[in-house]
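If you're matching positions, the first sequence starts at 48 in the working numbering and goes up one per residue.
Rather than coming from a laboratory, the hints here were simulated on the basis of the structure. Hints should not be assumed to be uniformly reliable.
[What the hints assert, rightly or not] With a Cα cut of at most 25 angstroms, we get these calculated BS3-like pairs of lysine-lysine:
hint	residue 1	residue 2
1	Lys-161	Lys-67
2	Lys-351	Lys-324
3	Lys-308	Lys-227
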Amino acid sequence: MDNIEIANILNQIADILELKGGNKFKIGAYRHAAQIIEAMPKDINEIYKKDELEKIPGVGKSIADHIRELIETGKCKKFEKIKKYVPKSVVDLINIQGLGPKKVKFLYKKFNVKSIADLEKLVKSHRLLRFKGWGKKSEQNILKGIKLYHKFSKRFLLGRIYFLAQGILKKLKAHRDVDKAEVCGSIRRMKETIGDLDFLVTTRKPREITNFFVNLPEVQEIRAKGSTKANVLLRRGPLADLRVVKPESFGAALHYFTGSKAHNIAIRKIGVKKGLKINEYGVFKRVGKKFVKIGGEKEEDIFKAVGLPWIPPEIRQNTGEIEAAEKGKLPNLVSLKDIQGDLHMHTKWSDGENTILEMAQAAKKKGYKYIAITDHTPTVGVTHGLTPNRVLKQIKEIKKINQKVKGIKILSGIEVDIRKDGCLDLPDGILKKLDVVIASIHTAFHLPKKEMTKRIIRAMQNPNVDIIGHPTGRIINKREPYQLDLEEVFKIARKNGIVMEINAFWNRLDLNDINIRLAKNFDVKMSIDTDAHSLSGLDMMIFGVATARRGWAEKKDIINTLPLNKLLKIFK
DNA sequence: GCCGTTTTCGGCCCGACTGTTTTCAGTCG
48 MDNIEIANIL
58 NQIADILELK
68 GGNKFKIGAY
78 RHAAQIIEAM
88 PKDINEIYKK
98 DELEKIPGVG
108 KSIADHIREL
118 IETGKCKKFE
128 KIKKYVPKSV
138 VDLINIQGLG
148 PKKVKFLYKK
158 FNVKSIADLE
168 KLVKSHRLLR
178 FKGWGKKSEQ
188 NILKGIKLYH
198 KFSKRFLLGR
208 IYFLAQGILK
218 KLKAHRDVDK
228 AEVCGSIRRM
238 KETIGDLDFL
248 VTTRKPREIT
258 NFFVNLPEVQ
268 EIRAKGSTKA
278 NVLLRRGPLA
288 DLRVVKPESF
298 GAALHYFTGS
308 KAHNIAIRKI
318 GVKKGLKINE
328 YGVFKRVGKK
338 FVKIGGEKEE
348 DIFKAVGLPW
358 IPPEIRQNTG
368 EIEAAEKGKL
378 PNLVSLKDIQ
388 GDLHMHTKWS
398 DGENTILEMA
408 QAAKKKGYKY
418 IAITDHTPTV
428 GVTHGLTPNR
438 VLKQIKEIKK
448 INQKVKGIKI
458 LSGIEVDIRK
468 DGCLDLPDGI
478 LKKLDVVIAS
488 IHTAFHLPKK
498 EMTKRIIRAM
508 QNPNVDIIGH
518 PTGRIINKRE
528 PYQLDLEEVF
538 KIARKNGIVM
548 EINAFWNRLD
558 LNDINIRLAK
568 NFDVKMSIDT
578 DAHSLSGLDM
588 MIFGVATARR
598 GWAEKKDIIN
608 TLPLNKLLKI
618 FK
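Using the sequences and the hints, build the whole thing.
Structure, rendered in structure tokens:
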């Protein structure tokens, strides 16, 4: 069992306890431990082997026992026992937006609601209206929540399975009979959600490799297995395909399996016009009645055959990249190595896991030249946000740490909350003292479009605001973006020199690819920041950069590619 | 269930918002 599987079970225990109405601090303890284990870079099995489980913060004797049991037997008595209290399908209902443990418990006990179908039927019968606390609005909200759940429930978030895919890829590459291996599909295009995993391998021993693949420990169930193709269900949830081709077809197969489908069709169409046939085995030229292979070992061969330069996977959507390539006007996409610093992160001063010093040292290790510490403000209650006094204290503290740590500059910042009316929850006099001010919304998500737009624009007119954090507020698979007139917002951003954040955290990725392209059209500058709440959170930068690339962003569009002296000129 | 330069017991970040009420429970972060 890996970290995420263990964390999943701890979270499920917490879910069930919540439904049972258990002690909320106990529930919190399970969740806390799950969060730490999921986010920590170390393999929990290694920690188990060293008998150091209880050294993990948030893990005491009891949870350590559960983990030991899980690692040794794959099961845990506590979980097996409380699982009997409610069916899993009932627990899953709390994932519907607007439903929490209390409401789900009520629905289960009173109406025996066990599934989304049950729930929908009940709501539509209006029988709920007779009960205290359930009104017309509640009905509407539940139906909306169900719709959202259906819309998103089939795809996996990139950040949840990216590292799983990389891990499997590493194993494939390490196999002595494997020539080349790559992960294709939407993961290679770094799409924010992933349907399944596509692995491509070249080898002279296809049978051995397919066998090796279906017997990987990550595999739960073999669904199909042949000599050059296999399909499995992974324990983490998604399906995974393996395709084996000959080395001389690697490039063609890579292109074919990377997609997108729309992009591939467009490329093949150009090929047809030139008398070419393009498929996963190569590029073929028509000679009389026969087709003769003219390329396919490298991905470049495919593009070259249709007279185009190589196009980065992230923008292969057939949304203008082929036309741009034809004109020699492909964007020079920003890349991870261009990033000079990270301007949004939290520390123990609010809801982060690590100290300012630890974050700075980890960032320095990444080669960053600067970071900004941007803790929360009091409105976001759970986070123990910074009051004016604590802001001043933190500024002093950062000054001290800057003298200690060489080679990286720590900027004093804040993620100040934008209240419902658009004013900020710290006084201007305090904001003025900070190097960088990010303003974000964490409450009142459901305002009408006009009001929400006005709210953000009012915040952008505050002379101290530099960046708007996660500008649309969406949580992938969970919460829709706010109703917002982004074009209006971008106009003001351009005028006032406000930077729009590309929040790199994998369940946000906000701005998303489409809005990044829009912002670019308005000549709005952006910053790619992790919103890290722990050291491992800093690793999320790849997802932010990938999203920026999908939005055609270039180095010049992204402010945290600038050296410090130039960056500081942008801030007020 | 976890944790301790306020500690080994007794705390455990809590404010904003919504929808329902008319003072508050539930949800969210």
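- Distance restraint between Lys-351 and Lys-324, which requires alpha-carbon spacing of 25 angstroms or less: 13 angstroms, holds
- Are the Cα positions of Lys-308 and Lys-227 separated by 25 angstroms at most? This hinted pair holds, its Cα atoms lying about 23 angstroms apart.
- Within a Cα-Cα threshold of 25 angstroms, do Lys-161 and Lys-67 meet the stated pairing? Roughly 15 angstroms separates the two Cα atoms, so the pair holds.
The structure agrees with every numbered hint stated previously.
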